[in-house]
Amino acid sequence: MSHSTVPRSRAEADTPTKTPTASGGTTGRRDTGRQGRIGFWVRLRRDRTLLLMTLPAVLLVLVFNYVPILGNVVAFQDYDPYLSDNGFVAMLQSPWVGIEQFQRVFEDSQFWHAVQNTFVLFFLQLLLFFPVPIVLALLINSVIRPRVRAVAQAIMYLPHFFSWVLVVTVFQQIFGGAGVIAQTLADHGVNGFDVMTDPSTFKYLVTVQMIWKDAGWGIIVFLAALSSVSNDLYEAAAMDGAGRWRRMWHITLPALRPVIALLLVLRVGDALTVGFEQLLLQRQAVGPDASEVLDTYVWWNGIRNQDFSYAAAAGLIKGLVGLTLVLVANKVAHLMGEQGVYKK
Amino acid sequence: MSTVVDRPSLTEVAKKPSPWAAPPRPSWEEEPAKAGLAAKGIVLAFACFAILFPLWIVIVTSLSSKKTIDETGGLVVIPKDITFIAYQELLSGGQVQRAALVSIGVTLVGTLFSMTVSVLCAYGLSRTGSLGHRWILMTLLATMFFGAGLIPTYLLVQALGLMDTYLALILPSAVSVFNILVLRGFFMGISPELIDSARIDGAGDWRILWKIVMPLSRAVLAVIALFYAVGYWSAWFNASIYLTDQDKMPLQNIMIQLVQKQERPVGLTTEINTGQLSALAIQMAVMVMALLPVAVLSPFVQRHFKKGMLTGAVKG
Amino acid sequence: MPLLAACGGSQEARKEGTTSGKDAAKILPAFVASNVVTPDIPSKNGSPVGFTKAIPAAELKTSVPQKLGSGGKLTAMTPYWGTPPKGNNPYYTAMNKAIGVDITWQNQDGVTYDQKLGAVLASSDIPDIVVVPDWNLTGRIPTAINAKFADLGPYLSGDKVKEYPNLAAVPSDAWQRGIFGGQLRAIPMPASYVTGMAAMYRKDLFQKEGYAVPKSPDEFLSWAKSATKARSKVWACDDMKWTALQVFGVQPGGDKALWWNLEGGKLVNRIETPQYLEALEWTRKLYAAGVVHPDAVSGKSGGSAANRFTAGQVLVYNNNISDWWGKTAEQRTQNPDFEMGVIDVFGPDGGDPTLWAGQPGGMFSFISKKASKQQIKDFLALCNYCAAPYGTKEFMLTAYGVEGTDYTVKDGLPVKTQQGVNEVSSTYDLTGNPAPYVAYPDFPDITRGIVEYQQRMGAFTKKSSFYGLTVTEPTRWANLVDDFEQLEDDVVRGRKKISDVQQAVSDWKKRGGDDLRAWYMKLLDDNGSAS
Numbered sequence: 001m002s003h004s005t006v007p008r009s010r011a012e013a014d015t016p017t018k019t020p021t022a023s024g025g026t027t028g029r030r031d032t033g034r035q036g037r038i039g040f041w042v043r044l045r046r047d048r049t050l051l052l053m054t055l056p057a058v059l060l061v062l063v064f065n066y067v068p069i070l071g072n073v074v075a076f077q078d079y080d081p082y083l084s085d086n087g088f089v090a091m092l093q094s095p096w097v098g099i100e101q102f103q104r105v106f107e108d109s110q111f112w113h114a115v116q117n118t119f120v121l122f123f124l125q126l127l128l129f130f131p132v133p134i135v136l137a138l139l140i141n142s143v144i145r146p147r148v149r150a151v152a153q154a155i156m157y158l159p160h161f162f163s164w165v166l167v168v169t170v171f172q173q174i175f176g177g178a179g180v181i182a183q184t185l186a187d188h189g190v191n192g193f194d195v196m197t198d199p200s201t202f203k204y205l206v207t208v209q210m211i212w213k214d215a216g217w218g219i220i221v222f223l224a225a226l227s228s229v230s231n232d233l234y235e236a237a238a239m240d241g242a243g244r245w246r247r248m249w250h251i252t253l254p255a256l257r258p259v260i261a262l263l264l265v266l267r268v269g270d271a272l273t274v275g276f277e278q279l280l281l282q283r284q285a286v287g288p289d290a291s292e293v294l295d296t297y298v299w300w301n302g303i304r305n306q307d308f309s310y311a312a313a314a315g316l317i318k319g320l321v322g323l324t325l326v327l328v329a330n331k332v333a334h335l336m337g338e339q340g341v342y343k344k
Numbered sequence: 001m002s003t004v005v006d007r008p009s010l011t012e013v014a015k016k017p018s019p020w021a022a023p024p025r026p027s028w029e030e031e032p033a034k035a036g037l038a039a040k041g042i043v044l045a046f047a048c049f050a051i052l053f054p055l056w057i058v059i060v061t062s063l064s065s066k067k068t069i070d071e072t073g074g075l076v077v078i079p080k081d082i083t084f085i086a087y088q089e090l091l092s093g094g095q096v097q098r099a100a101l102v103s104i105g106v107t108l109v110g111t112l113f114s115m116t117v118s119v120l121c122a123y124g125l126s127r128t129g130s131l132g133h134r135w136i137l138m139t140l141l142a143t144m145f146f147g148a149g150l151i152p153t154y155l156l157v158q159a160l161g162l163m164d165t166y167l168a169l170i171l172p173s174a175v176s177v178f179n180i181l182v183l184r185g186f187f188m189g190i191s192p193e194l195i196d197s198a199r200i201d202g203a204g205d206w207r208i209l210w211k212i213v214m215p216l217s218r219a220v221l222a223v224i225a226l227f228y229a230v231g232y233w234s235a236w237f238n239a240s241i242y243l244t245d246q247d248k249m250p251l252q253n254i255m256i257q258l259v260q261k262q263e264r265p266v267g268l269t270t271e272i273n274t275g276q277l278s279a280l281a282i283q284m285a286v287m288v289m290a291l292l293p294v295a296v297l298s299p300f301v302q303r304h305f306k307k308g309m310l311t312g313a314v315k316g
Numbered sequence: 001m002p003l004l005a006a007c008g009g010s011q012e013a014r015k016e017g018t019t020s021g022k023d024a025a026k027i028l029p030a031f032v033a034s035n036v037v038t039p040d041i042p043s044k045n046g047s048p049v050g051f052t053k054a055i056p057a058a059e060l061k062t063s064v065p066q067k068l069g070s071g072g073k074l075t076a077m078t079p080y081w082g083t084p085p086k087g088n089n090p091y092y093t094a095m096n097k098a099i100g101v102d103i104t105w106q107n108q109d110g111v112t113y114d115q116k117l118g119a120v121l122a123s124s125d126i127p128d129i130v131v132v133p134d135w136n137l138t139g140r141i142p143t144a145i146n147a148k149f150a151d152l153g154p155y156l157s158g159d160k161v162k163e164y165p166n167l168a169a170v171p172s173d174a175w176q177r178g179i180f181g182g183q184l185r186a187i188p189m190p191a192s193y194v195t196g197m198a199a200m201y202r203k204d205l206f207q208k209e210g211y212a213v214p215k216s217p218d219e220f221l222s223w224a225k226s227a228t229k230a231r232s233k234v235w236a237c238d239d240m241k242w243t244a245l246q247v248f249g250v251q252p253g254g255d256k257a258l259w260w261n262l263e264g265g266k267l268v269n270r271i272e273t274p275q276y277l278e279a280l281e282w283t284r285k286l287y288a289a290g291v292v293h294p295d296a297v298s299g300k301s302g303g304s305a306a307n308r309f310t311a312g313q314v315l316v317y318n319n320n321i322s323d324w325w326g327k328t329a330e331q332r333t334q335n336p337d338f339e340m341g342v343i344d345v346f347g348p349d350g351g352d353p354t355l356w357a358g359q360p361g362g363m364f365s366f367i368s369k370k371a372s373k374q375q376i377k378d379f380l381a382l383c384n385y386c387a388a389p390y391g392t393k394e395f396m397l398t399a400y401g402v403e404g405t406d407y408t409v410k411d412g413l414p415v416k417t418q419q420g421v422n423e424v425s426s427t428y429d430l431t432g433n434p435a436p437y438v439a440y441p442d443f444p445d446i447t448r449g450i451v452e453y454q455q456r457m458g459a460f461t462k463k464s465s466f467y468g469l470t471v472t473e474p475t476r477w478a479n480l481v482d483d484f485e486q487l488e489d490d491v492v493r494g495r496k497k498i499s500d501v502q503q504a505v506s507d508w509k510k511r512g513g514d515d516l517r518a519w520y521m522k523l524l525d526d527n528g529s530a531s
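Residue numbers (our numbering), protein chains in the order written: chain A, 1 to 344; chain B, 1 to 316; chain C, 1 to 531.
Just so you know, the hints here were simulated from the structure itself, not pulled from any lab data. On a predicted model such as this, the values are computed, not experimentally measured, just so you know.
Subject to a maximum C-alpha distance of 16 Å in a straight line, what follows is the list of computed EDC-like cross-link-like pairs (lysine to aspartate or glutamate):
id	chain 1	residue 1	chain 2	residue 2
1	C	Lys233	B	Asp70
2	C	Lys215	C	Asp344
3	B	Lys261	C	Asp109
Produce the entire structure from the sequences given, and follow the hints as far as they go.
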């Protein structure tokens, strides 16, 4: 089908699990099919420049992504950072406590509260945030004046590049107790308007902030999928008497289906991450009851309270559940006949 | 060569008399209903307004005099006068100026470093079948599925002695696997014939990267550089946990102190407390300083976003 | 039983508990009073002494006759509230020269100091000198202090302190607070045990509007309702939680050992008392009535409360009473009519309040264990210099800076210049102080007002069971009460209910509160009560 552009090119992507023969090598020495026959040392000599080039990135990834995984052992300790000047030595000297930190975490009602908030926010985002870029993309796609299109896109992309600090402070200026709305209301005798500190509506506020910041950016992928739909399809449908809406239903939306499925999978896999910086910045204003999610819980207990082992245990729980979610989500995507994030 | 660079808008623009005008619709398409057009226009206009209006207020208030701000009772929507006093005060030395310089420095150095590392790695992985290619790719890809967690990373940075250094703002976030994959996808799309002929002429990999691959990838390089730069410019969390010296804090962190926590900028405390300067104008000026570089730069790279994001989403 | 009891309890190195009585006597420095200038207002009911008159330069005495510093270098990390001065300014140069030690200051934001402290202490690169306020002694910080800072006993215990006469004049109850993990580790900043926290009001605006100062919680609430005019951006008060805790007689919240008091043979924690709930309830009523400034509702406290106060948006706020002088001095430069006053703490029914003594020393200066002997001596030279009493040349330099640059003398009064205001502020004076005093010769009335407020409040002040002791809690319980401050803030703002506090208290008991009670009880049995 011509409209499944994104997944099709995904299939072209060179994922590591793929057989090398199927990949589109780009260089003059396309010897992918007979690599088994070339000796290791010959290949090393041939590719040493390439290996050297990957070295800095690989080192950084190893040091900052892989080594810390080992650091999670503190979750099984009562880690005392002050036992030594050196963190590694302190880790070696700290007593082992088995799974007691995990038991502590599970017994803490605050932890469960953070879990609950995480899921509430996740579902709210799925429900309210997720459709917005699709609608906006359809809208933009239907605009045919090129300059209007470009300007509208430029404006909608803009907030994506703002920091969360800026976004939150901008919202404070509009919706806060001293913001424009409160100011206007106060001029008319209505006092006390302050959405920024209201815990009961906080989850909606957070979602609206997300929409403001990233919904415009989200349209890019959908626009790409839309632009790949052949005009012939529309024309043929129009000839058959299909109206505007019928064309959208039968051609446009099916074209978006794989992208939507893929993004849904990605989102579900990332369900436990619901805006760490954004929530941390507003934790003080609304209190942890409304704003605490798993990530901020780890931050509070670890960095703030220096209870590293406890926080590492909570972080590990989050990491493991998160990994499971990604794998399950991909499995589901495969069952649905989509490509998912990786392939088997 | 021109097939690699994605500039459809240019060719379109060249053909049409005015970019604002609507091109003719295909013959099979019915004329849209007036109501539908109006609704579309309203939604688009609202979306743009919702984004621009808050920025407008911030900018206008930062340019207003204390008198105007006091009369309005806070944020200024309709400008009455324009003064640069807030910017003059902030840029005449002191905390905010220093923080802005820190942010600029970290962004420049960080982006350069990240780009170097990423481009090299992307090129190094762009030839399938090279030694260790699969393993390295897998090592990188795996990190997109899990994070080591905040606490172990923090303890690592501490153990490496990076606390309170600018390196702590750059090294832990220097490599984005996503960005490497985008670059790699692009490099792999470059015509193999070009590279082959260069190789026959005796060019090594360094030369090919520098003389052929990079000039052909300007668009994607611009996009990825912007991504990295925005990342460094916007970052505040790492600074908040790894830095202890107040003098080293970047602009975002100072903005948190000044706007969110309503503190006074160092050096201007007395002037504000005694009513000679408007605290609000100062706060808004700091916000403008934080948003300006991003708002100015990103539209330039905008036309490449689609290509960059798409290859990324696809190859990721 | 707490889950981690098995792992934390038996480690000698952690040095939990406290040191008092005979053990403390062995290491405390001797006390040699200094009487340079007789105070204009003597101490009464535990109040600080007051100096209202400026001393002419010619009559200033010398308390450090010869330079004690060796010319070495030291770095010092201190909390800082507000605007830290630039390094290498004339004041720093003059101080360093006079002390004979080259000190480099690393100022940290005082509001978030606890976050930074943990990180800095865990790194291998600790500044030579670290200043720690007692309210930051949470979590593992006390453990870190015992692990990272030097024992000053060999330099100060008993008569050894006489080498540093200004330190010898520091009261013994302040020194007692400097004992951490069984050793004298800190130079304390002596403080009056009478509360320095006060509700202050805009006297000028009260007079203009014809308001009378409220004398009971109920009166305050009804006055606040009438005085709030949100449309013209005037609110009656800022966050009044601290005042409420005083009014209803709740034990102070800074030092965690003071949260406990022996009542009827049982140790009771402040969070368990009915007074605690009453105080929160009254504060909640203020918020619910809409008389609290909206910025306080959103949790922007700290320095900005005072800013809202001086801007006239808030008529009453609470903070350390030194703001009386600080804010008046700041505002008078632009607004000659600015005047503020202090509201005496009233009881729950408008009668006499019950107040609890704070610790007689609440700010500590430590020196790293890695410091050489010479560096420790340089550190003591610094502290001794800064502890010089009123009426000495050393005091004048420490408090006012260089004459002609940082201050000028007008009509016999030293007046700080703009440069002096910016540069001569809390850096050196955190690292050593004489016995508690108040000295603002530029505003003698305010000096008198502050001392007299503390004298009046001192009459109602009681000492609770762990007064004067520095207690290191077992780390497994050290974070137990950390969430209560947030909970309090949520309750008063109406985000949570009083019943949530009761629930949290019963959770606290289960999660270790009762064990901690037993631990403190044993401590009390072993050491005896201070009161």
